[in-house]
Amino acid sequence: MKWFWCVFFAFWPIVAVAVCAIAPSVGWWLPGEAASPLGRRIDDLFYLILVITAITFIGTQMGLAYVLFTGARRTDPDVTEKTWFSHGSHELEVIWSTVPALVLLFIALYQLNVWAEYRVKDAFPKKDMEAVLTRLRQVRTDRDSVALAEVTARQFEWRIRYPGFDAQGNLLPLMQDPQPTDLYAVNDLHLPANAPVMINLKTQDVQHSFFLPELRVKQDAVPGLVIPIWFEAEQQRSYALLCAELCGWGHYKMKAQFVAESEAGFLNYLRTLHSAQNYDGVHQKIEDEE
Amino acid sequence: MRTFVTNCMQLSSMYSRGQKAFGRSRRGLMACGLTCALLTLLAGCGKPEFTHREEFSKLEPYAQEYIHEVLNQHFGTPTEMVVWERLPLKKHLSTGTVTKVAETELTLELSEPHQEITPGTEILWNSGPLKGKPSGWIRSWDHDTHIATLETKLKEMPEEGTQVIVGPGQVLVRGRHLYAVHCQHCHGVSGDGNGPTAEYLNPLPRDYRQGIFKFTLTQAQERASRVDLARTIEDGIPGTYMPSFKLLTPDESESIIEYVLWLAMRGETEYQLVRFLTEDYSKASVLDRVKSGVEKKKAGEEDYETYASIREEFITAVNDPEDMPMELDSIVELIVSRWTTAQEPEAVVAPQENRVAYDARSIAHGRQLYMSNDLNCVACHGDAGYGDGPQTYSITKDLETGKENEQPGLYDAWGKPVQPRNLHTGIYRGGRRPIDLYARVHAGIKGTPMPAFGAKLKDQDIWDIVNFIYSVPFETEQAGSGMQKAQEPAASEEEVAVK
Amino acid sequence: MSSIAVTHDAEAHSHHPSHGEDRLALLKKVHTFSTDHKVIGIQFLLTNIVMMMVGGALALGVRWQLAFPWEQMPIFGQLIAKNITMGGQISPEFYTMLFTMHASIMIWLVIIPVLAGAFGNFLIPLMIGADDMAFPMLNALSYWFMWPAMFFFAFATGIGGELTGIRGGMNGGSAEGWTSYPVLSALRQAAPGSEGGQFWWIMAVTFVGVSSMMGSVNYMTTIINMRAPGMTLFRMPLTIWSMFITAILQAFALPVLTAAGFMLLADRSFGTCFFVPAGIVVNNAEPTLGGGQPLLWQHLFWFYSHPAVYIMVLPGMGMVSDMLSCTCRRPIFGYKPMVYSLAAIAGLGFIVWGHHMFLSGMNPALGMTFMVSTIMIALPSAVKVFNWIGTIWGGRPEFNCIFLNSVAFVSLFIVGGLSGIFMAAVPVDIYVHDTYFIVAHFHYVLFGATLFSVFGGVHYWYPKMFGRLMNESWGKLHFFLTFIAFNGTFFPMHLLGIAGMPRRYADPYLHPYLEHLLPLNQFMTISAIVMGFAQFIFIGNFVLSWFYGEIAGRNPWRANGLEWAAPSPPGHGNFDVPPIVYRGPYEYSDPDHDSDFWPQWEPPVPRPSKAAD
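Chains as they are written, first to last, in our numbering: chain A, 1 to 290; chain B, 1001 to 1499; chain C, 2001 to 2613.
Bound conformation, chain A alone (with noise of 0.2 Å):
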């Protein structure tokens, strides 16, 4: 019965790895290649960790399951052998405390500055962002935000307030306060893509999370304050949005989109949410816009 043992645990391993190595081609996995620079570098780091645990747990499993054969072996009528009376190896323990200190170290260090250029506020790329404001032709001063839209979340949707336009037809910045001229939709975000873009995450009620898996981004909204965060599509379509926080009955509902179009693309898909928002019922216009 011992061997059947040791094979067991040694043996339990394997199928871990194995199905771990299969899970990829059966979409056991990440959600497509990050469709964002951020996510890309997220994803690298992800694969360093993996390839340090999985040496590691390889490793720590072959070494359990080593102890457990000789063990075993030991026990076996005609062995001989002594138990090994020790109480432990000073040098061994200075080895297995050292090494890996030193590697999880670098594991904190070397992720940083991802962290940071997510999410301190100095190091977002402000100048690539208000170079798209630049190209879209927003009316702004230096002062106003670069955010272009303000996603609120609540019980159970995502509702989007867009800076409208003036009266000459130009882009406003978006405001702290609603505007009359402001444009809204509902969880249906549209931004522009290939470049860096900037939005400001309230909650009109409990705390949700404004969660993009396929672009790695994800932000609790929390309510009292006003969180921006960027991100820069890469590829023009349509990825989910969702919240990843706790917020009630309907957590699960709060099915969105996010849709990265061009900047020119941006504009028209606001100039139809302006003539939409003020469709008087005059104008013979018959299909819906959405």
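Worth flagging that the hints you see were computed from the coordinates, not collected in a lab. Hints may contain errors.
Claimed, not checked - Examples of chain A residues lying across from chain B (beta carbon under 10 Å, computed):
#1 I52
#2 R154
#3 P180
#4 K255
To be verified - With the C-beta cut set under 10 Å, the calculated list includes, among others, these residues of chain C facing chain A:
#5 Y2181
#6 P2192
#7 G2193
#8 P2380
#9 G2394
#10 A2424
#11 F2480
No residue lacks a Cβ here, since even glycine has one placed at the ideal position from N, Cα and C.
Starting from the known structure of chain A, fit chains B and C onto it as the hints suggest.
Coordinates of chains B and C only, in the frame set by chain A:
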């Protein structure tokens, strides 16, 4: 695994004698436990059921039975729906004609637009020699060539020109599945707005069963149009728990709408039937009739009513084609016609004039109209538009029964308290487009005390009110400013006394 | 190849339990208000096993919904009238109650009490040679305070309905997650569970906290003051070290949770706004007056709950060390490093709570500091894993249930610990936070590690509690099924998390990028059902061995600890004579000693004098 267990058992019995007895009783326990486990697992199987109105339970049992039968016959249960051709709904995936017949491939000409035809869809023969015979089943549908490949070759192939129904009732079935996943826990199995989650929501979810939907672009006396329902599903209702289901596909949205309308029609049928029968056959009225019958009997008269006689009367009425069945028919006819006319373009509120410019003049005029005694908006919406007008704290009367409502304030058609809109929040539940606000003012809000002002006001005036409403959230002046200055504070008592 | 050999060591023979002696003496007192630490320990153990099945049932409800979304749910679908109308389909708020109460019950009514309350109570005086705890009455109270807590958690599920102030029965059960974040939990209108259910939840957590505090004070005092002569700190078994350090963790962390609980209660019931900002409108209620910070709750809660997770694993680590040492007939590899690692884990455990809050909106600079401390906490855990492997190395392992469960602890703790590194790395946490990756991690450490150590510990100390041995074959069957089904249920969760499947979702398949995960979830549910039912084998074994188990002597495992000097089960006062300790607890297979174990209480053999005086 089995050998392992056997080995274990063998080994255990090889040990001490105590183990054997242990093992036997253990095995017995295991078997017992497994059976119990299976039984409890099966205890979760039931089917969803429609519920009845509260007033339904106040009817005599035979009246209840009758209504239950009628509903069952024409509507069925949630899992076994009856597709009643009479209802003005899109029920089937499509109808069409067979234009060409090959081995297992049929070329169909179908009415457009139709929902996606998925593998396993039924194809029902609606004319020709195959009518009444078992349906065919579609394995795949190519919508470019309009060729349906059947699962198996049929014994008797249809002729060209055969009328077919593809996916009979499937739109409603799909609707029900989607409704069960997305809507049921709030709106209830019967569309009664009383699902498990409903009691925690403010405002309550819509009860479809009177056929009334609040936020529509149709005239005040019309039902809602499909466009209205589609808009509600897509955009949600801001400020309530009705979320936006924007990411449903058009097919899914359509299926849900048809199912919701089906539930509304079923609800209306029940509602009208219950109303009709409550007059004479509710427990309370039967009791009255019997009481007066007892009186009559005491007075020596011959034709007095008893429980039995009333029941006989009912059964006769039900079986007399000129009586209950005709009444039922006219009820349904009315429902059908109202829903049909609501879908016509004429039913939609259509301003004749464009919205006027959003400027100070228009806003000022709009405020003037808002404050006017004629329109009396302030009675409900308050002087400053906070939704705190005098009506919100006076006792009002129920429109149907004429009785006074329990709590002070306004009530809606579903018997629940309702708040007039606070215009300062900038939340427009029925939509924020100018046409939406126009329709609110022109046609009122169905089911609520918000009246329709379309007859009273010109388009120009309504647009001015709309502009005023838009301006309210951005008002910076305090309410009351610009009006008469407050009077000097009253002289103190001492001063008066001195004087 | 032997699983169990009936022993006839010297002690067993001379103090042979006569047929008159009552092996179930302790068991017979469990319904009384006893201040005997052994009875209290068993009371805890029995209660916790029952609670484990309750918590497990709730988890099966969760798994059912994930495998068969919106299908009729067995049992649960028939508990509430409105669900029956829906044909047994549960409502979304019911689902949120399921996972909330599953976690709350498992954490506060199973894992924490079984380690500290059951094993801590039973073992501490025995292993250090005391006759009882320092405060026996306080000890009894700490058990009986669990009962209100259990009832309050039951009310929190909504099972009491209107009688307990909850509308809608179990649809209104506490549903804010075991983390109970405000504003969801602070405003009554924010969720169905936030009305009445949440009140009971807070009360239950408060009572559990009080119970734990009483226990921790007891343990610290007993261990410091009542050790037998010769039992220096560094001759204590690692079980005692772990219990001691755990008690310190509890003492310092719990008050913060209790305080936070009172603040939440005040917010809900007395109109304070500790956690509620201004202007929040939920469910069309009046806007909140505000002035509070939701993040404050998170800091306070995690300040307790992070040490709590170490409370939930440290005693298991200690017990596994003792069990491995005994079953492999080897001293612990690196006793002092093990002790220091325990202390380091506990100490570091106090400064890492922010890693639960990386994305919460707190200052990102804090994210960096917490990341460094969190990553460092992997180090003492790694050292411990190496030392356990070192303990088995060169030994003569007895492949019995105790050994198997302990090896499973090590093997699965490796997985749990390594998956933690992903989350400690903040950028990766951006992606995996609130996904199933987190769920996989904590189930591996709490179930895979701790619960297996509990199973092993029960097998190991059962003879001391009830004078009989548990059945080895059924124990191995239970282990086999549980291990395989556990991995079948929880290993795929890592993959689900990597695929981006969020936690606490009643229906993840609404989202197209998650639709393809349904078959995997169904496999996991089937594994979970197997795992759940396998526990009945354990319970059956546990109960039936009271009557039919092979009779055990004082020291069936030929172990060194002081507890094995006492009779099985020990009577009042524990030991026949107060023991004196002559050596450490891990002197197995000393080549200078004739037997392969040298109990702590055995006096040293007088050596012939080498030099003349």
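Hints and how they fare:
At a threshold of 10 Å, the smallest CB-CB gap from I52(A) to chain B is about 36 Å, leaving the interface hint violated. Hint status for R154(A) relative to chain B: holds, with the closest Cβ pair at about 9 Å, below 10 Å. Interface hint at P180(A): satisfied, since its Cβ lies 6 Å from the closest Cβ of chain B, which is below the 10 Å cut-off. Interface hint status for K255(A): upheld, as the beta-carbon distance to the closest one in chain B is roughly 5 Å, under 10 Å.
Because the smallest distance between the Cβ of Y2181(C) and any Cβ of chain A comes to about 6 Å, under 10 Å, the interface hint for this residue holds. Evaluation of the P2192(C) hint against chain A yields a held restraint, the C-beta minimum of about 7 Å falling below 10 Å. Annotation: interface hint on G2193(C) holds; nearest CB of chain A at approximately 9 Å, less than 10 Å. The interface hint given for P2380(C) is met, as the beta carbon of that residue sits about 9 Å from the closest beta carbon of chain A, less than 10 Å.
Taking 10 Å as the C-beta contact cut-off toward chain A, the hint placing G2394(C) at the interface holds, the least distance being around 3 Å. Among the interface hints, the one on A2424(C) holds; its C-beta lies about 8 Å from the nearest C-beta in chain A, closer than the 10 Å criterion. For the restraint placing F2480(C) at the interface with chain A, the shortest Cβ-Cβ distance is roughly 8 Å, inside the 10 Å limit, so the hint holds.
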